[in-house]
Amino acid sequence: MKFFITTAIDYPSTEPHLGHAYEKVCADVIARYKRLKGFEVHFSTGTDEHGLKIQRYAEAAGKTPQEFVDEMAAKFREMCEALNISYDDFIRTTEPRHERVAKEIFRKLWEAGDIYRGNYEGYYCTECETYYSEGELVEGKCPVHGKPAEWMSEESYFFRMGKYRERILEHIKSHPDFIRPPERAREILKRLEGPLRDLCVSRSTFDWGVRLPIDERHVMYVWVDALTNYLTTAGYPEGWWPADLHLIGKDISWHHCVIWPALLLSAGLPLPKQIFVHGFVTMGGEKLSKSRGVRVDPTVLARKYSPDALRYFLIRHIPFGSDGEFTEEGLVRRLHDELADVLGNFAHRVLSFIHSRFGGRVPEGRMDEEMRRKILQVVEEVEKLMDELELTKALERAFSLASLGNEYFQSREPWRGGPEAGECLLTSINLLRTLCVLLYPFMPSSCTKLAEMGGFRVESWEQAKALDLAPGHQIGKPEPLFQKVARGSEEEEISYGEFMKLDLRVAEVETAERVEGSDKLLKLTVRLGGERRTVVAGIGRRYRPEELIGKQVVLVANLEPRTIMGIPSQGMILAAGESEEEVSLLVPDRKVKSNTRVR
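Going by the numbering used here, the final residue of the sequence shown carries number 740, and the count climbs one at a time with no gaps.
Derived from the structure by calculation, the hints contain no laboratory data. Treat the hints loosely; a few may be bogus.
[Said to hold, decoys possible] Taking CB as the label site, the calculated pair distances span: (1) PRO323 with SER345: 39 to 47 Å; (2) ALA215 with GLY303: 35 to 43 Å; (3) SER541 with GLN207: 45 to 53 Å; (4) ARG248 with ASP348: 18 to 26 Å; (5) ILE705 with SER274: 54 to 62 Å; (6) GLU529 with ARG738: 56 to 64 Å; (7) GLN518 with GLU245: 47 to 55 Å; (8) GLU181 with GLU593: 53 to 61 Å; (9) TRP395 with THR704: 44 to 52 Å; (10) SER541 with PRO383: 32 to 40 Å.
[To be verified] Within a straight-line C-alpha distance of at most 20 Å, the following computed SDA-like cross-link-like pairs (lysine to any residue) qualify: (11) LYS331 with SER274; (12) LYS194 with ARG352; (13) LYS204 with GLU156; (14) LYS618 with ARG598; (15) LYS625 with LYS525; (16) LYS515 with GLU651; (17) LYS216 with GLU156; (18) LYS590 with LYS534; (19) LYS244 with ARG176; (20) LYS534 with LYS732; (21) LYS606 with ARG176; (22) LYS178 with ASP385; (23) LYS216 with SER447; (24) LYS304 with ALA375; (25) LYS732 with PRO702; (26) LYS525 with GLY179; (27) LYS642 with MET713; (28) LYS732 with GLU651; (29) LYS288 with GLU311; (30) LYS331 with GLU311; (31) LYS204 with THR235; (32) LYS445 with GLU222; (33) LYS590 with GLU222.
C-beta: ideal position from N, C-alpha, C; glycine also.
Take the sequences, apply the hints, and build the full model.
Following this line, the structure appears as structure tokens:
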């Protein structure tokens, strides 16, 4: 079985931003999943290096166009390496292999009678290298970039694109999955209701491009050059074509869903099987954009927080096919609250317990059959979602196994010993391997590390269903899977006066109960002298509610109230510990009066 997936190739006029990274990560997740499923995968990405815009940027930088794109292409490769993108081919349109294919395809268009010479007069946006009619402009500006379009008049060659309108319409209508999501297909069909203008496919007023094989005075229109990259990386005329999946942004859907099919039909080549159009990464409500100066450096983020933290955030936070807002605070929150506190916590609980109590070997026990059923149900659902390219939903469902594992481990209390401990640990290590396989396409580095600690390897999707790790299985040395980072001001020192603003009081616990839907939160009623307060504390993995009744604790009494899982919490209980299982409450060494101030 073969699977050929492509991203759009990036235009390297400036350094990469998070929007470029998002597309690469999504494609990489799909490619890694297909490899686990046993497919022979060809995953291509790269850079689109010709055109007037590149020539102008190079001139402004005091470089030749080739020097300029060599420098910029290296930065896009660096981004891919920082994000652990497992591409099989990084194609550059300035490579000789691509120039040969681009010229050969153009010659086929000419031989089909679909190329003619004329004079182009109209508007052109150099930012997106796209021709626009006056009616498509917004107050004389490019509808995508918001910059003034240039009026152009020059001798050009044209492609008879209108000739293929009906065939493209019929293909889209008869292949409902050709363009996804469905709303993108509807947008294309709406635009195709009117006549399809012939396409200007050459430029004669600058020279940074592929020379036409039929007229050396002209260079190929950059989009014809760029789109042909998919055939080059496929190994045209043999090899991988047609592509199983083109993954692109919605700003270039017309080029891929109409212009590209028309060129392929003219050349007598099959169309790609599917085009998935993803949304934009936004920041402050604006699309990340090189031309508008709205950008976040993904390489810096990946090195600061880890590649997998960024990959996880992008897939989990941005619904696949829709727009999504990026904030660094949101990235840190998911790193702490989900990756470290849920997934990392479950892995550490299971592995450190087996390592410390049983010398690193899983004890005797049987697999919990009810848990087996639940795990296999999740695997089936995740597989279906991945096959349907529902990446965000698939990640959410896979990650739910970490929460399930924490709840199971806590409820079975293996630290109490007995035969149930063996069953709990055998079930938990098998759940951990399944979780590792399901999450591997999304977070390959972390899952490789987790597999090493768990004493297994991630090799195929079928491992997620096996649940066949047996008693006596040897694990590796447990280590923290994710590192939390200081948030902003936490890195700064505070003054003595600021510290003295904290009102720390001794409080006495009167009631305690678990918070429904959480394995770590407890709802406490504490007494401060004559006052009673409700406090939600994350100590439920270490303490049972009944053992807290009557215990004196230290409370931050002047903390702003906060609602946690629907419960107003009026303060914070102080505790110490490296993990939520090893946490220890701070208590007076002898009983004191309730509401006594801590000094």
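Okay, the hints, checked on the actual structure:
For the hinted restraint 39 to 47 Å between PRO323 and SER345, the CB-CB distance of approximately 41 Å keeps it satisfied. Take ALA215 and GLY303: their Cβ atoms lie about 41 Å apart, and the range 35 to 43 Å holds. At about 50 Å, the beta-carbon gap between SER541 and GLN207 stays in the expected band of 45 to 53 Å. Checked against the hint of 18 to 26 Å, the C-beta distance between ARG248 and ASP348 comes to roughly 20 Å, which is consistent with it.
Restraint check, ILE705 to SER274: a C-beta distance of roughly 56 Å satisfies the suggested window 54 to 62 Å. Distance hint for GLU529 and ARG738: a CB-CB separation of about 59 Å, consistent with the stated range 56 to 64 Å. Judged by the Cβ atoms, the range 47 to 55 Å given for GLN518 and GLU245 holds: they are separated by roughly 51 Å. Distance hint check for GLU181 and GLU593: the Cβ-Cβ separation is about 26 Å, which falls outside the suggested range of 53 to 61 Å.
Judged by the Cβ atoms, the range 44 to 52 Å given for TRP395 and THR704 holds: they are separated by roughly 46 Å. In this structure the supplied range 32 to 40 Å holds for SER541 paired with PRO383, their Cβ-Cβ distance being about 36 Å. For the given pair, LYS331 sits about 17 Å from SER274 by alpha-carbon distance, which is consistent with the 20 Å threshold. As the CA atoms of LYS194 and ARG352 are separated by approximately 17 Å, the hinted pair is consistent with the 20 Å bound.
Note on LYS204 and GLU156: the hinted pairing holds, with a Cα-Cα distance of about 16 Å set against a maximum of 20 Å. Straight-line distance between C-alpha atoms of LYS618 and ARG598 comes to about 15 Å, which keeps the hinted pair within the 20 Å bound. About 33 Å separates the Cα atoms of LYS625 and LYS525, which puts this hinted pair outside 20 Å; it is violated. Of the supplied pair hints, the one linking LYS515 and GLU651 is violated, its CA atoms being roughly 37 Å apart against a limit of 20 Å.
Using a Cα cut-off of 20 Å, the hinted pair LYS216 and GLU156 holds, with the two alpha carbons roughly 7 Å apart. Note on LYS590 and LYS534: the hinted pairing is violated, with a Cα-Cα distance of about 24 Å set against a maximum of 20 Å. For the given pair, LYS244 sits about 33 Å from ARG176 by alpha-carbon distance, which is inconsistent with the 20 Å threshold. Among the hinted pairs, LYS534 with LYS732 is inconsistent with the structure: their alpha-carbon atoms are about 51 Å apart, more than 20 Å.
As the CA atoms of LYS606 and ARG176 are separated by approximately 16 Å, the hinted pair is consistent with the 20 Å bound. Between LYS178 and ASP385, the direct Cα distance comes to roughly 15 Å. Compliance with the 20 Å bound is thereby established for this hinted pair. Proximity of LYS216 to SER447 is assessed by CA-CA distance (about 18 Å); at most 20 Å being required, the pair is judged to hold. Only pairs whose Cα atoms come within 20 Å are accepted, and LYS304 paired with ALA375 is rejected, the gap being roughly 27 Å.
Between the alpha carbons of LYS732 and PRO702 the distance comes to roughly 27 Å, so the proposed pair goes past 20 Å and is violated. Under the criterion of a C-alpha separation no larger than 20 Å, the hint pairing LYS525 with GLY179 is consistent with the structure, at around 16 Å. Between LYS642 and MET713 the alpha-carbon distance is near 15 Å, which keeps this suggested pair within the 20 Å criterion. Restraint check for LYS732 and GLU651: satisfied, since their Cα atoms lie roughly 15 Å apart, inside the 20 Å limit.
Of the pairs offered as hints, the one joining LYS288 and GLU311 is violated, with about 35 Å between alpha carbons and a cut-off of 20 Å exceeded. With a C-alpha separation of about 13 Å, the suggested pairing of LYS331 with GLU311 holds against the 20 Å cut-off. For a cut-off of 20 Å, the pair hint linking LYS204 to THR235 stands: about 16 Å separates their Cα positions. A distance of roughly 14 Å separates the Cα atoms of LYS445 and GLU222; the hinted pair therefore holds under the 20 Å criterion.
Straight-line distance between C-alpha atoms of LYS590 and GLU222 comes to about 18 Å, which keeps the hinted pair within the 20 Å bound.
The structure fails to meet hints 8, 15, 16, 18, 19, 20, 24, 25 and 29 from the earlier list, while all remaining hints are met.
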